[in-house]
Amino acid sequence: MAEKEPMSYTEDNIRSLDWKEHIRLRPGMYIGKLGDGSSPDDGIYVLLKEVIDNCIDEHTMGFGKHIDVDIQGKTITVRDYGRGIPLGKVVDVVSKMNTGAKYDSKAFQKSVGLNGVGTKAVNALSTAFKVTAYRDGKEKTAEFSKGVLIKEYKETATKEPNGTLVVFNPDEEIFKNFKFVQEYLDNQFWNYCYLNAGLVMNLNGKKYLSKNGLLDLLERKTNDDELRYPIIHLKGEDIELAITHENTYGEEYYSFVNGQFTTQGGTHLAAFREGYIKTIREFYKKDYDATDIRGSICAAISVRVQEPVFESQTKTKLGSLNVYDKGPSMRNFIGDFLSRELDNYLHKNPATAEALKKRIEQNERERKELAGIKKLANERAKKANLHNKKLRDCKFHYNDEPGGKDKEYVLEKQKETTIFITEGDSASGSITKSRDVNTQAVFSLRGKPLNCFGLTKKIVYENEEFNLLQHALNIEDGYDGLRYNNIVIATDADVDGMHIRLLIMTFFLQFFPDLVKNQHVYILETPLFRVRNKQETIYCYSETEKQTAIDKLSGKPEITRFKGLGEISPEEFAGFIGNNMRKMPVILEQGDHVQQLLEYYMGKNTPNRQDFIIDNLKVELDLVEE
203 MAEKEPMSYT
213 EDNIRSLDWK
223 EHIRLRPGMY
233 IGKLGDGSSP
243 DDGIYVLLKE
253 VIDNCIDEHT
263 MGFGKHIDVD
273 IQGKTITVRD
283 YGRGIPLGKV
293 VDVVSKMNTG
303 AKYDSKAFQK
313 SVGLNGVGTK
323 AVNALSTAFK
333 VTAYRDGKEK
343 TAEFSKGVLI
353 KEYKETATKE
363 PNGTLVVFNP
373 DEEIFKNFKF
383 VQEYLDNQFW
393 NYCYLNAGLV
403 MNLNGKKYLS
413 KNGLLDLLER
423 KTNDDELRYP
433 IIHLKGEDIE
443 LAITHENTYG
453 EEYYSFVNGQ
463 FTTQGGTHLA
473 AFREGYIKTI
483 REFYKKDYDA
493 TDIRGSICAA
503 ISVRVQEPVF
513 ESQTKTKLGS
523 LNVYDKGPSM
533 RNFIGDFLSR
543 ELDNYLHKNP
553 ATAEALKKRI
563 EQNERERKEL
573 AGIKKLANER
583 AKKANLHNKK
593 LRDCKFHYND
603 EPGGKDKEYV
613 LEKQKETTIF
623 ITEGDSASGS
633 ITKSRDVNTQ
643 AVFSLRGKPL
653 NCFGLTKKIV
663 YENEEFNLLQ
673 HALNIEDGYD
683 GLRYNNIVIA
693 TDADVDGMHI
703 RLLIMTFFLQ
713 FFPDLVKNQH
723 VYILETPLFR
733 VRNKQETIYC
743 YSETEKQTAI
753 DKLSGKPEIT
763 RFKGLGEISP
773 EEFAGFIGNN
783 MRKMPVILEQ
793 GDHVQQLLEY
803 YMGKNTPNRQ
813 DFIIDNLKVE
823 LDLVEE
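All you need for my numbering is the position in the sequence shown, starting with 1, plus 202.
Worth flagging that the hints you see were computed from the coordinates, not collected in a lab.
Check the hints yourself; a few may be wrong.
Computed Cβ-Cβ distance ranges for the label pairs, DEER-style [stated by the list, open to error]: (1) R763 - N640: 26 to 36 Å; (2) E747 - R811: 26 to 36 Å; (3) A330 - K550: 53 to 63 Å.
Since we're looking at a predicted model, the values are computed, not measured.
Think of the CB as a built atom: it goes at the ideal place given N, C-alpha and C, for glycine as much as any other residue.
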């Protein structure tokens, strides 16, 4: 056998990409993962955010009281009423890297967009991108496609008020089958309003306005009757906090920097968690365990930082150690604020202080009760982990510490990390064979898990399956260590499969609600039918899609009904869990009471549930063609 010729490495191998080529070739470096809109951090939301961030920065500087957004199909329109881009720089600002006003900290003291990248990325990743600047009775428009300037219009007179108009269509070759989820848009828009009191935002005619900032945020995210004490709301220069405790397990945080939702936290959140514990210990003069103090907390923190340093272009994690150059450290700034303001608040509100003390001591009692069984369960889990056949792990993990020259690549892969929770060996076998071993793990259930509604956390350790699942996710000591960004429940689309879905969702909602609230839990959608002839194969996810496919393929196509995941071959399965994977997010809407929901669906067989089933029972009939 002839030896393989070595690859040549010459000057011809060296390429210099222009700005738009680089963005289109490596979009993950600029907007994180791509996705189809089923996750809140998918690329289409980041594109929208990058455009709106510029509007917000104008508002922060005191220009423009409202922002209008219109989403019609695949076209997004954003109009602000700030100062408008200087007319001579309209083309440069959206098409020349490292061009912007925010390098000069005087113009934008505490803005988010500092790198001059945001709208350039939107431009490069859109099939159509149009920007119009209105400034002092004049307007100027430029049109682009995939970052290439198509047409630059001359300056003309206008009666439009000052501001900027951006219209764009995300490139469907990059964002395949994308759609916006209304709940994610709602969260995105409410967050903008909570952090910019008095700002009015309109989305397709729906108005968003907040008067009380983070207090409104926590009120929206919690239910009055599940709070242990009224929400503590504290404001200072460049900092705002809202804190309360609920009846649920886990810790829930919402952290922001300069109006940017830092989904992965960072130095400001770490400083808050540390400072909060220190302040509580000093106030009660007791050395409470940190997990007892933070257990069941729901808190929001917002800080303003001069020239913030983020760990990636997508700005999901703050890296700044200081509030401003040669200013106080983040740790001292937040710690001092808490030790002063929170301490004062608790002294002035003894009823709240007493309720908080009772919540901490309840957490302490529950932790001590669990200590014995926890030790035994962990020993059992360690043994099982040595030869744990339930978990087929992947290479990258959500909680990895990225570093080195591949940092951006690792961050991109972290967001893709997924664990599939499957029922039975046949389903897990198909997924295991077709998965991406870099980012996709599989956890196989033995059968139907236990209905854990109404049980205490003790069951998580006593039940081997739950304990192993908890260890696989690495959430025993809190949400920080979560190993996979996406937790996807993959069951058959039959009655048993639906029941297993409910049992797993009950487990998460009962003991780890923060995973659901932070939008990490999904349901895998797999096709119910395969319709094919010799030329084409169409996978259908509903009866309607099946009928459309039959009509399209005409004649007498072959129709296969998939009764379970195990019937789908690994080759086919690869297409269902790849880039075009359909997954439905598990979303808790405002006003949802977790305990009431679980009581209704998973409690004892209540008359209400029986009546609902009887009233809504439907029988599906197969249509017989004449």
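| said: Please list, smallest to largest, the hint numbers that this structure does not respect. | reply: As far as the earlier hints go, not one is violated by this structure.
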